[in-house]
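K.L.:
What follows is the residue order along each chain.
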Amino acid sequence: MALGFGRLLGGTLLASLALGGTAFGCELKIGSPAVLSGPAAQWGLALRGALEFVAKETMQEERLVIDGTPCTVTPVVIDSKYTAEGAASAMNALAAEGVKVVVGAVGSPEVTGMKPVATRNRMVAMVNSFAKDAIGPQWPNVFHIGPGPSGWAGPIIDKGLELYDFDTVAIVAPNDQGGTDIASVNAQVFKEKGVTAVEEYYQRGTTNFAPIITRLMGANPGAVDLASSPAGDAGIIVKQLRQAGFTGPIFRLGGPGTEEIGRVAGGYGVLQDFIWFEPVAMDENLRALEEKHLELMGSPRPENGDYFRWVYAARMMIKAVQAAQTVDDAEKIAEAMRSLPVDDENIGAGHWIGQGFFGINQEMSYPFAIGLIQGGEQKDFIRAEAVSEG
Amino acid sequence: MEGFIATGLIGISLGSQYTLLALGFTLIFGILGVVNFAHGGFYVMGGYVAYYCTAMLGLPYPVALVIAVGSTAALGWLFEVLILERVIEDHQATLMVTMGFYLVMATAILVIFGAESPEFSFPLSGVWRAGGIYFPYANMVVLGVCLAAIALVYWLVYRTNVGRAMRAMAEDRAVAGALGMRTKVLFPLAFALATGLAGLTGALVTPILALAPHVGDPVLAFSFLTVILGGLGSVTGATVAAFIVGLVEAYAAVYLGGSKGALTLFVLVLIILVIRPQGLLGKEVRRA
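The listed protein sequences correspond, in order, to chains A and B.
So that you can map any letter, position 193 of the first sequence is 193 in full-length UniProt numbering, and since no number is skipped, the others follow by simple counting.
So that you can map any letter, position 135 of the second sequence is 135 in full-length UniProt numbering, and since no number is skipped, the others follow by simple counting.
Bound-form chain A, shown alone (with noise of 0.2 Å):
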């Protein structure tokens, strides 16, 4: 019996052995809470899918070598479900993984639900969110991934209204976190350009808005702002505006996702007169990411235009990782990060901000575009340059 036990007992020592040195080799696990489900899911698609790109192309280029020895990257990607409370579980998992190292969130629900996590479990993370406490002081590692709406809300209002004739917005958008943070801002920022701004909050998971709709005509609006509303809610929204009359220009104040807004509404005549915000301006550079995201993946790059904000967020996270030489500890990736220039190779050059609107310079700043739909014909981007502070 004691004989038994102790060939058991050595037997699972030499495992361990022979299991530790494999995890004492080089493997960087990049975690993050990803909305994989419901109407919000495009956003969270584009993430999984830059950090998989990036993971590839992080081995097959050698882009991190730590102590001479290349390193492997595994996503390890976990559906947030865009609630708080879903991030924080996924996040739980994360961190019962080990995982130091976080990319993503998309939404401002799961980024406040996920912040306490990272943070007591020693976690460095660039989150997107466009809440108004998306980052701060009380979260040294926590990283943005870019401006939100305070940011560029101005110059698309401002090309909006050059093209089109208005002074009353209605701004419709879900009536929590993710929803009022960006529809405050926006009403904000349209107010400080002249516009009358109503606000409009709606139950997320209504499927169904011709109520909301019927209430948004009465207030009469120039123009309807669709702030945060997940794509697919926003495509409704859209097709029973029409239906019910509404013939002015439509912003897109939030994340990106006018394909999506465009199936769901029945095509981009529907969408008729339509302006939002998208993450970069497309050129030479980002057509041969895409190519190269083909080559390597073996398939077409994320639909939705946030990809490569990711692929941007997923690299400087690479980047900070190599220059701190540790795939765990959080404090020195973290250093690391802050002293490095916010560049990319096909998205190009910015500048790191945020002291002004969080009170931490910990977020990143690059140029973006405007896209335009007039007619219900699309036109080329408009290139707009980084948001800086001061």
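All the given hints hold, so there is nothing to weed out.
Listed next, with one range per pair, are the computed distances between beta-carbon atoms:
| no. | chain 1 | residue 1 | chain 2 | residue 2 | range |
| --- | --- | --- | --- | --- | --- |
| 1 | B | G131 | A | P116 | 49 to 55 Å |
| 2 | A | P300 | B | G3 | 44 to 50 Å |
| 3 | B | P277 | A | G269 | 46 to 52 Å |
| 4 | A | T168 | B | A108 | 45 to 51 Å |
EDC-like cross-link-like pairs, simulated, lysine to aspartate or glutamate; straight-line CA separation at most 16 Å:
| no. | chain 1 | residue 1 | chain 2 | residue 2 |
| --- | --- | --- | --- | --- |
| 5 | A | K191 | A | D167 |
| 6 | A | K319 | A | E331 |
| 7 | A | K29 | A | D329 |
| 8 | A | K56 | A | E290 |
| 9 | B | K260 | A | E199 |
| 10 | B | K260 | A | D176 |
Cβ-to-Cβ under 7 Å is the rule here; a few derived chain B residues that face chain A:
| no. | residue |
| --- | --- |
| 11 | A6 |
| 12 | E119 |
| 13 | P136 |
| 14 | A250 |
Hints were generated in silico from the structure; no laboratory data involved.
None of the values given here were measured: they were computed from a predicted structure.
Using N, Cα and C, we set each Cβ at its ideal position, and we do this for glycine too.
Please build the complex by placing chain B on the supplied structure of chain A, with the hints as guidance.
P.N.:
Below, chain B without anything else, positioned relative to chain A:
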């Protein structure tokens, strides 16, 4: 005044959609005693079958509707015969089995068609207008089909021998069986009828709203809310409740706003259930 009428039309339109959803849900509970958590899954499947038939196979939309109804009814029949029938006496097991089946259906659709919404539009796109009042033609079709479905279900349940047998089994399965009624034929038939209705609703409503793998979640929630309000198992109750829910939702959302409108609806349902826990037209005790 125009706004009030327009809101009423929206409420009726919503009510017709909820009726179609609730009829199948309440039929299954009334006859089988099963709360079918897979109901939303059959709705989604109906939508995707219709989409596949029109977009991929190029079939006319009415044919796609028939195929959607047939395929969801067939799957419902198979599910009842092969899985549900084995645990039908155990209420907890039926809850778990139907919920599990919904997850399987939703995941299968996600794997096959992806998470994003495809372009799937109703073939009739115009809108009837009279001043500030408007009513999309597609919604008129849904309302018409809804009225036809209500009539068909009433005729089937109250005017045919099959319906009488189903109601007898709902009253007392053992006695009905002793009198020669074949539960092994009638239960799957009732289940197929209900899932076919869910499939029909999905095929009709998803091109008007949106088609995506997750759209069954709110459908399940609203079906449940409607049949609880109407009285579990009551076809008349479900119909009345569906139109009450639709009208309250419309008027509350228009006059109080999206957030307060939803709150008003749920508070109203809560008050009704406090006063009548069995629902508007439900029986106090279900004997089957």
